[in-house]
Amino acid sequence: MSKPPRGTLARTGGSTRAHSTLVYLRQHWQLYVFFIMPAFLLTVIFRYIPMGGIAIAFTDYNPIQGILGSDFVGVSHFTRFLSSPDFLSYLVNTLKLSVFGLLWGFPAPILLAFLLNRILSKKRKQKIQLVLYMPNFISVIVLCGIVRILLSPTGMVNMLLGTSVNFMTLPSAFRTIYIASGIWQGAGWSSIIYTAALSNASKDLKEAAVIDGANLIQQIRAVEWPAIKDTVLIQFIMSVGNIMSIGFEKAYALQTDLNMASSEIISTYVYKLGLIQADFGFSTAVGLFNTVINVILLISMNAIVKKMNDGKGI
Amino acid sequence: MKAKAIKKKGEFAKLPTGDKAILTVAYIILGVFLLAIILPVIYIILASFIDPVTLQNKGLTFDFSKWTLTAYERVMTNSQIWVGFKNALLYSVEFTVLSVAVTLLAAYPMSRPDFRGRGFFNVIFVITMFFGGGLIPTYLLINDLGLYDNPLAILLPGAFSVWNMIIARTYYQGIPRDLQEAADIDGASEMQYFFKILLPVCTPIIATIAMWNFVGMWNSYFDAMIYLNSASKQPLQLVLRSILIQSQPEPGMVSDIQSTAQRAQLAELLKYATIIISSLPLMIMYPFFQKYFDNGIMAGAVKG
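Sequence order for the protein chains is Z and W.
Taking the numbering used here, the leading residue of the first sequence gets 579, the next gets one more, and so forth.
Taking the numbering used here, the leading residue of the second sequence gets 3, the next gets one more, and so forth.
Chain Z with its partners taken away, still in its complex shape:
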């Protein structure tokens, strides 16, 4: 598997492990200094140092005194958060938004891929795809701007319905708006991966199925579904694993003072508490709580996959 190191050393025979490591380093130092060093430094500085900063969650952090100078308060931030009346509402909002988002949002691109696979003309398919991908290139801000315009009391949706409801102020409408606009923006783009997997479905197999008189449903079950099954599974696991890391950007941009009852999720709460009210210790604790749930979810999903998938995880 590994080829002999380049250059002259090939086999000096009897060299100790330490010696051969030294020789390897001397010959391949560029790999460490030029290739991996920038990424390594960025990772240590911007990913690992903040992990150390999690200690803030256990202190009454005061920027002037620093982490070590601030009062150690143990897990009191966590107990305060867990026992606050708002905790349950933020957690439920976060979970509902992501679970319903997954239930509606996950099948949408798969369905689109199946539909696209039924378009026989390649040129027409490409044109359709170009339209389907377009919303992916709109920014979150512009998307939310569009949503607000279309849903305003005088906007297009009210025009079509003949009403004048201000949807953006309704807590009951927030989730639907969030999820529907997510599908609008992302379903086309996410379908690429399934379209690609479908195009790998053997043409011969499909032709054989057609000759054997298989109808559409049978073709899908026997040829197309097996071709994308693995992709679907992996995508599903990854989505479930990320259920708690639901994006801040869009929820915040769709929030209004009046729909807060359903739009305040953990990440928007952490932002407001930490960066607007400067309650660093408490908001770090809330953020950590979120991360930990997410990691537990990921690990358990990975274990489930391993069981279903003959020992192969992600």
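Don't read these hints as lab results, they were simulated from the structure.
Values in this document were obtained by computation on a predicted structure and should not be read as measured data.
There is no bait here: all hints are sound.
To be clear about the criterion: a stretch of chain W counts as covered by chain Z if any three or more of its residues have a C-beta under 8 Å from a C-beta of chain Z, and this derived list gives those stretches:
#1 23-30
#2 33-41
#3 103-114
#4 123-131
#5 189-198
#6 207-221
#7 269-282
All C-beta atoms in this analysis are idealised placements derived from N, C-alpha and C, irrespective of residue type, glycine included.
Following the hints, put chain W in place on chain Z, whose structure we already have.
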């Protein structure tokens, strides 16, 4: 829609009745989805030309005497929009160059089975995909580093993407090893092999990663919102945020209007023009990248 979507009507007629019904439904669903994308876009384009009072009271109209270019004039002559454009372009280009360089370089040793320390670096990198310090510790670090209100604060932290590194690594591993062995025999150094032999055959994946980085930076607003304070450093998305989300147009856009009601109507109209103007560059550019979409996603599908 149905008739249009089927290439040859003859083929469709030959299908069993059940299939015909399913296909018809399928084409209708697809058609509805396409309409749902196209209609709002057309609506916003049309509405952006309509006089604000008419738009507020009657909505869309094809009475062209009520059409106006006011919104475009006001948006285009506003300097903050252009500052935003300039900054967005600058940050996106800088971020793309930086991120592509760091990611492609790191992926090279990680793609070589004989690279010592591969396992170590792999663990170090992959952990960060699942676990992080979170918002506040990162924010405090940026402050401690003196990067507050410095564009580096939005460029550096995300410059190395583990996910993109895995994609690039997988792509390198698909390159025939003969190339590397030939280079070994010729005595080429790692740098020579990487720049002269490997990179030139990796252009599809480089273009894909570059596109993702560019679009990602162009469209993001969160980091800029928390780290960049000066108006002169704000990227486009932050300017858009005050116009579109907070309904606070840049002062110069509406300040000449006396009546509060009229000002509010104009502010509403400005949103339409702002959406069109700000989205235009990417809308024009992305079809040219279409050929890179598939291979990038495919590379991502193959896990490292």
